[in-house]
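Asks: Here the protein sequences come in this chain order: V and D. For the numbering used here, add 11 to where a residue sits in the first sequence, where the first one is 1. For the numbering used here, add 11 to where a residue sits in the second sequence, where the first one is 1.
I should point out that these hints are in silico values taken from the structure, not numbers from a laboratory. The reader is advised that the hints may include incorrect statements.
As the list claims (entries may be wrong) - Derived DSSO-like pairs (lysine-lysine); straight-line CA-CA distance at most 27 Å:
id: 1; chain 1: D; residue 1: 412; chain 2: D; residue 2: 189
id: 2; chain 1: V; residue 1: 255; chain 2: D; residue 2: 255
id: 3; chain 1: V; residue 1: 302; chain 2: D; residue 2: 201
As the structure is a prediction and not an experimental result, all values here were calculated from the model.
There are 2 protein chains.
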Amino acid sequence: MNAVKDEIHIGLLGLGNVGAGTWEILSNNAAAIAQKTGCRMRVAKVLVRDLHKQRPVDVPVDLLTDSFRDIIDDPTVAIVVEAMGGEHPAKEYICEAIRAGKTVVTANKEVIAKHGKEILQLAAQQGIEVYFEASVGGGIPIIRPLKRCLAANRITEVMGIINGTTNYILSKMTREGKEFDEVLREAQAKGYAESDPSADVDGFDAAYKILILASAAFNKRVSLTDIYREGIRRIGKADIAYAKELGCTIKLLGLADDLGEKINVRVHPVLLPDSHPLAAVDDVFNAILVKGDAVGDVMFYGRGAGSMPTGSAVVADIIDAVRDMRNHVNNNLSCTCFTDAAAAGPDAISAAYYLRLLVDDRAGVLADIAGTLGRESINLAKVIQKKTGDGVAELVFVTDKVEEGRMQAALRNIAAVPGIKETANLIRIVGE
Amino acid sequence: MNAVKDEIHIGLLGLGNVGAGTWEILSNNAAAIAQKTGCRMRVAKVLVRDLHKQRPVDVPVDLLTDSFRDIIDDPTVAIVVEAMGGEHPAKEYICEAIRAGKTVVTANKEVIAKHGKEILQLAAQQGIEVYFEASVGGGIPIIRPLKRCLAANRITEVMGIINGTTNYILSKMTREGKEFDEVLREAQAKGYAESDPSADVDGFDAAYKILILASAAFNKRVSLTDIYREGIRRIGKADIAYAKELGCTIKLLGLADDLGEKINVRVHPVLLPDSHPLAAVDDVFNAILVKGDAVGDVMFYGRGAGSMPTGSAVVADIIDAVRDMRNHVNNNLSCTCFTDAAAAGPDAISAAYYLRLLVDDRAGVLADIAGTLGRESINLAKVIQKKTGDGVAELVFVTDKVEEGRMQAALRNIAAVPGIKETANLIRIVGE
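I would like the entire structure built from these sequences, with the hints used as guidance.
Replies: Next comes the structure, spelled out in structure tokens:
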């Protein structure tokens, strides 16, 4: 435990998006934060890669350092805020800070998702708290609510829109009727998507976040290898138009179910009925829906990214850390997992499905496909058939709820039906 | 500070809606709660009015008592949970429990709104924590998020749907096109509204709750006399139909603004644009939107009442209380007000207005009214005129944003315009 004085020294790692927001808030709201915690926060050192780069925030030059040692070896630094992002060297710096007896606040979903077990066990051994509210949902309070406010509940389900980039892309595709590639390019031009967009559009970022949420919600340690992951590259404007026709919106969700013995955690696009609370969450907004046995459905909504919102979560963690340090308390809320989770795999889940196929425009094909689905006892809720020209027809099937495994089996058989040109998309429907 | 053992004894006051939910959750989730806190919770005594009444929950008869002394004088009881509701004797019991050195958890919005200052000052003197998460928003985490998760922010605005009964009535009026009185009777028959509905429909309940939210959000102690309050009795099906025509929904909101020197806190119906995040919150659901300088808009959504949701918040408070007791910590988060608030009064607020009038159906009346508004420099955004028959016309004016005081002055002048039969309604429009 650190000695606590009336001034807490913070070492800030990184002065990018999150680091700058953290600095701004600590500066702008210094007086109010001092009033709330009973002590002043002072950023003693800021680790940056380039000492001479122009910064959007007004940090005195003498605080900048390009050497991690200047922070880790400074005995006055009580809290290390890791706002660098990326896996390495962030993970190593976090572990070194813990070993040096410093409290850690991090916004790093990748490090917590991949190395949370190691980091939190190390922290427990050292009697150090690690805070990571900012790793999921930007400024939306969600980790602390799961660990504290909803602690009375057995939480059975978490689902959320937890990646702003893909939500922005899907919202824009929906509003403007454009294809994925075109909207992605626009998002890249605006800085909403990276030049290598894979972390977002292939669902890696959402997978890190749903892992962190599921672990906190179920008190079970989820592993990345447990997570089924599917991104949004295959979503076409045709899918979005059909979804609209069906009274639905297409969203990329992180989903986690505690099935009792096992858990099921996944990231994939879904059709959501327009009446679903998550369906109206557009653009860069995030929202997380939690189902507890006592509380029922609770939803948390806000800006899932950005300098100031994420900084808001980082500084909330700093304030909590300072309160605990002043009380000489270790709340042991860093790690709240009691066991490792066992993954049920995607086949354990049932869903209704949206299936879009391109087929030869001739009699009998629809019947053959419907027959193939019927042999797997898959009931159809709706069928839409449209001619696309050139002797090709587009078929959309909406099924009743069926186990994933059975649907995948039917899909393999459908691929062998004569006249099938392309299985354009299979999308799960949730929330009905 | 109480002595902490591996079993915490709880005295439960009341076994109605909230008390029964609390008992249920403590029983159903006993093992998980013990795992989270490191100790067992035991309800040692339950105060009821009638020892022989049939209960929906299975509480052993020997735990029941009709004497508060059995709880207050029991030195093993460390936490008193006040789930009686009503102002008296709940307030006196809470104060006695604090004086006896017991931690208090309460769901009582009326007592906290009316006597919060006295209770929290007494608690501070005694070094006792008082928890009241369940007093607002049922199971929705909101008090702890305001005090902890959003602590980095200067919060400038809170608005919310915080009364389920009125939201149910307005949702049903909207869906079914019925008048207020008819829907109120139906709600009373279903038990969603009290036989004396005043606490809900006249906005008292919402006023208690927005007071508690504003105090926690702004760190300023708000007084009930500071709150402008207007209920939903005057909302007619005509208003709801016109709102729909204008792309809006009518909701009863609690609203609070921190204007800097002064605050403005109020409860009244509003027209909300359908695109507003609160507009889709229907029936008994509650939602609270918070605006912080760093985080932007954050929304919390869920069941605002009911036995199990409210019990979820009560038990979360118990768990936090136990953690703090085991750590021998007083977090001083019961009272987070640094000053008494100064109220700005309703005139300080600007809004767009919806004004519905019944007038003689003859030339010139519309011009006279528009002229009266114009003399107060009130611009019109939209006018709707409809004949109702019998020589009467209905006029709806939508104004641009204008100070409340100017609108009220215009309204007084409009009443004197020849041909005005009735000022049917004046409703503020927010969220545009």
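Asks: Going back to the hint list, which numbers does this structure go against?
Replies: Hint 1 is the one this structure does not satisfy, whereas the remaining hints hold.
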